[in-house]
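Number of protein chains: 4
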Amino acid sequence: MKEKIKVFITGGTFDKEYNELNGSLFFKETHLHEMLTLGRCRLDLSIDTLMMKDSLDFNDADRQSIANACSAAAEERILITHGTDTMTITASYLAKNCRNKTIVLTGAMVPYKFGSSDGLFNLGSALAFVQILPAGVYIAMNGKIFEADKVKKNTDKGEFESIS
Amino acid sequence: MKEKIKVFITGGTFDKEYNELNGSLFFKETHLHEMLTLGRCRLDLSIDTLMMKDSLDFNDADRQSIANACSAAAEERILITHGTDTMTITASYLAKNCRNKTIVLTGAMVPYKFGSSDGLFNLGSALAFVQILPAGVYIAMNGKIFEADKVKKNTDKGEFESIS
Amino acid sequence: MKEKIKVFITGGTFDKEYNELNGSLFFKETHLHEMLTLGRCRLDLSIDTLMMKDSLDFNDADRQSIANACSAAAEERILITHGTDTMTITASYLAKNCRNKTIVLTGAMVPYKFGSSDGLFNLGSALAFVQILPAGVYIAMNGKIFEADKVKKNTDKGEFESIS
Amino acid sequence: MKEKIKVFITGGTFDKEYNELNGSLFFKETHLHEMLTLGRCRLDLSIDTLMMKDSLDFNDADRQSIANACSAAAEERILITHGTDTMTITASYLAKNCRNKTIVLTGAMVPYKFGSSDGLFNLGSALAFVQILPAGVYIAMNGKIFEADKVKKNTDKGEFESIS
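Chains as they are written, first to last, in the working numbering: chain A, 1 to 164; chain B, 1 to 164; chain C, 1 to 164; chain D, 1 to 164.
If you're looking for bench data, these hints aren't it; they were derived computationally from the structure. The structure displayed is predicted, hence computed values, not measured ones. Some hints here could point you the wrong way.
Note that the list lumps identical chains together, so a pair holds whenever it fits in one copy or between two copies.
No more than 20 Å apart at the CA atoms, straight line, and that leaves these computed lysine to aspartate or glutamate pairs for DMTMM-like [stated by the list, open to error]: (1) K113 with E34; (2) K157 with E34; (3) K53 with E76; (4) K113 with E76; (5) K152 with D44; (6) K28 with D62; (7) K153 with D44.
Whole structure, please, built from the sequences with the hints as guidance.
This is how it looks when you write it as structure tokens:
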């Protein structure tokens with residue numbers, strides 16, 4: 001596929017790191033470039049960091065910011081890395097406010113830097129889906145693809161599920 | 001997607017390990033299950049190990065074996081993990097001998113067990129493509145998807161490229 | 001060295017894990033056995049988990065418990081894995097209450113399970129020191145060895161330093 | 001300990017990497033600095049790469065080169081990273097040709113870059129031993145310390161053992 005894909009980074013567990021001085025989790029720089037190198041990804045990507053926030057801290061202004069960036073992007077296909085806690089909310093917002101593009105959101109349950117992370121698998125998964133799917137907003141988690149408004153995060157199991 | 005996906009394991013660098021007693025690379029058991037757990041993959045998969053061979057050691061009988069397994073499988077969507085050296089040859093063979101199914105081959109340039117592996121990324125990528133693509137035989141490497149007979153491995157760069 | 005070495009596990013960052021359901025750090029089982037296997041350690045060790053606590057939560061009863069265990073042990077050489085935050089306090093307590101044995105405390109600034117951990121290095125270091133040093137209580141961190149009461153944790157730098 | 005320690009790098013499995021273009025193992029740069037950073041080692045070290053060779057390829061000239069470097073070094077305490085296959089031969093050579101210094105050799109059964117490596121554990125172990133032991137030549141492997149001429153590598157088990 002020759003089309004360029006836009007990648008917007010917004011933070012989430014995907015990019016968190018461990019602060020050894022105080023034992024907390026925090027954001028430094030994104031690890032996306034390192035992950036794409038590890039995956040030997042040769043896609044034509046344009047990558048921008050919009051923000052580095054835990055999605056529990058997202059407000060309407062943040063979501064509007066993401067929607068504006070998606071609309072303004074020259075690309076028709078967009079991947080967004082995002083915290084899993086409110087990924088479905090952002091997906092719904094984008095479905096209303098940014099039509100006519102293929103937008104796929106993904107994230108990770110464990111920080112990439114922590115070793116046992118699903119981040120690299122999800123990145124491969126989401127980048128595949130965004131190349132093929134028709135215009136719409138989707139969530140790629142747990143190897144599956146979900147349409148916005150038809151998915152919820154099962155917080156007991158820590159996984160995403162379809163809702164009718 | 002509710003359809004079950006079949007996964008056939010055939011070996012390749014994807015599953016090699018380091019033998020610390022003599023410094024060589026060899027096959028023990030597949031790491032696919034461990035990788036699917038790491039990726040928190042919740043797809044409905046049926047997994048079989050057909051063989052554990054370096055694809056440079058494949059012969060016609062091996063390829064026929066893979067084709068037969070694909071045809072005999074109840075599933076319409078099949079992922080095959082395979083060595084990268086002769087992946088394009090197997091893909092061409094399957095395109096002639098196993099029609100009407102969506103078959104995606106993938107592998108890794110670095111063994112999963114070696115840390116800096118593209119295996120997990122490729123697995124996520126291939127499992128996404130196999131759910132969406134129409135019937136045909138494909139190769140998923142470097143984040144991209146290629147149709148059988150339209151791809152070659154660039155051995156200088158260690159990556160896959162389209163050919164017209 | 002033919003002598004058996006006792007290892008007491010008490011928790012600390014060394015053994016913490018990431019809870020992907022709520023993003024917190026917590027204790028499950030110790031990873032010490034896994035680390036000793038990774039290090040291909042062939043020493044004769046007797047391993048006991050005394051508790052799995054963050055050392056910021058330690059109280060006198062916990063320290064007394066550790067001292068009692070050290071005194072009761074048949075072994076003359078004892079390694080203790082411990083949180084770094086109050087390691088110096090426990091070391092001082094043991095220097096007063098458990099004499100005539102070689103006791104070395106160590107820990108980690110980053111959980112072993114997080115990838116970029118100093119845990120494995122410190123374990124190798126501490127196991128070496130405990131085999132050679134004369135009776136006394138010591139802390140092994142940052143590749144160095146410190147006597148109890150002559151060391152403090154520099155919390156700005158996240159490392160251990162001598163004090164006169 | 002305030003004394004500076006010299007570290008001589010000579011190669012061995014410790015520093016090997018996987019060449020994904022042809023599937024072989026080879027040397028690029030040493031990973032020692034990365035490992036010392038991971039271990040948060042704060043010792044005062046002077047590090048030199050003497051050569052990057054598999055110790056099966058060592059000849060007398062190589063060993064003489066190592067002995068000369070040890071004698072010429074200002075430091076009294078020296079760590080040498082070395083392939084495990086002929087580590088005992090080099091240790092014996094040094095015991096004859098470089099007296100009056102504390103010299104500890106260590107290595108790894110699995111390349112550090114391969115994930116499941118004993119390299120980091122051995123590095124912590126060897127750096128501890130070299131600080132404490134009296135003048136002599138030693139091998140630090142499997143958590144243990146052996147005197148030169150009193151150790152052999154058990155190639156069936158892949159570990160080091162005492163010989164009387």
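Tell me the numbers of any earlier hints that the structure contravenes, in ascending order. 3, 4
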